[in-house]
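Trainee: Listed below are the residues making up each chain.
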Amino acid sequence: EAGVAQSPRYKIIEKRQSVAFWCNPISGHATLYWYQQILGQGPKLLIQFQNNGVVDDSQLPKDRFSAERLKGVDSTLKIQPAKLEDSAVYLCASSSLAFGHYEQYFGPGTRLTVT
Amino acid sequence: SQQGEEDPQALSIQEGENATMNCSYKTSINNLQWYRQNSGRGLVHLILIRSNEREKHSGRLRVTLDTSKKSSSLLITASRAADTASYFCATSRTYKYIFGTGTRLKVLA
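Residue numbers (our numbering), protein chains in the order written: chain A, 1 to 115; chain B, 1001 to 1109.
Treat the hints as calculated values from the structure; they're not laboratory data.
Virtual Cβ for every residue (Gly too), placed ideally from N, Cα, C.
A portion of the hints provided could be inaccurate.
[Unchecked claim] Partial pick of chain B residues on the chain A-facing surface, computed with a CB cut under 10 Å:
hint: 1; residue: 1022
hint: 2; residue: 1033
hint: 3; residue: 1035
hint: 4; residue: 1037
hint: 5; residue: 1041
hint: 6; residue: 1042
hint: 7; residue: 1075
hint: 8; residue: 1088
hint: 9; residue: 1095
hint: 10; residue: 1098
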């Protein structure tokens, strides 16, 4: 089966610019996650979708980050405006069920550098 | 906030040796998972252990869970150079995962 797809793989922008990341989960997976992973740290959950509804976005900086999952499939994560501290790898993952009982499948990530 | 903390932060061993890394967490959980991350394959799920289980095996991997001490250990036996990676524990109490800080394992050929 095809894995989780993400694009772009790399992005370099200047601070105060905007950027968007795209994720296509594994077919049939109802749950989609966006994580931020800063160099040397573990992934931090930003937002979790169940189909096209938000389950958790408690750690999403809502003044600058937004995410949507239209039709319960693909998802986009946007940052506007970007700050230097947003430099990180943004990982998308999907799983077949929510509630933490099943493994997550991760995409390759998008490495964002904000200068 | 990160719930799990892996120990040690870094580990270097010779090929063929066993590697043990530990994860401690703060609150009660439903299950705990271990993931591996390397530059070639990204973040990959290794094994899941539920809160009512004490030990699980998968190939060369052995995971233990001690809920009374809020800790888990991952043992990799007969390590290979390909095991060089960062290893993360991820805990779940309700519906979301919280990842630890990771152990960087280097296996020397």
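Trainee: Hint by hint, say whether it matches the structure.
Mentor: A quick look at each hint next to the structure:
For residue 1022 (chain B), the interface hint is violated, the least distance from its beta-carbon to any beta-carbon of chain A being 15 Å, above 10 Å. A hinted interface residue such as residue 1033 (chain B) counts as satisfied when its beta carbon comes closer than 10 Å to some beta carbon of chain A; here the least separation is about 7 Å, so the hint holds. The criterion of a C-beta within 10 Å of any C-beta in chain A is met by residue 1035 (chain B), whose closest approach is roughly 8 Å, and the hint holds. For residue 1037 (chain B), the interface hint holds, the least distance from its beta-carbon to any beta-carbon of chain A being 9 Å, beneath 10 Å.
The restraint placing residue 1041 (chain B) at the interface with chain A holds, with a minimum CB-CB distance near 9 Å, inside the 10 Å limit. Because the smallest distance between the Cβ of residue 1042 (chain B) and any Cβ of chain A comes to about 5 Å, under 10 Å, the interface hint for this residue holds. Given the 10 Å rule on beta carbons, the hint for residue 1075 (chain B) is violated: about 20 Å separates it from the nearest Cβ of chain A. The interface hint given for residue 1088 (chain B) is met, as the beta carbon of that residue sits about 5 Å from the closest beta carbon of chain A, less than 10 Å.
Annotation: interface hint on residue 1095 (chain B) holds; nearest CB of chain A at approximately 5 Å, less than 10 Å. The criterion of a C-beta within 10 Å of any C-beta in chain A is met by residue 1098 (chain B), whose closest approach is roughly 7 Å, and the hint holds.
Going down the numbered hints, you'll see the structure goes against 1, 7, while the others check out.
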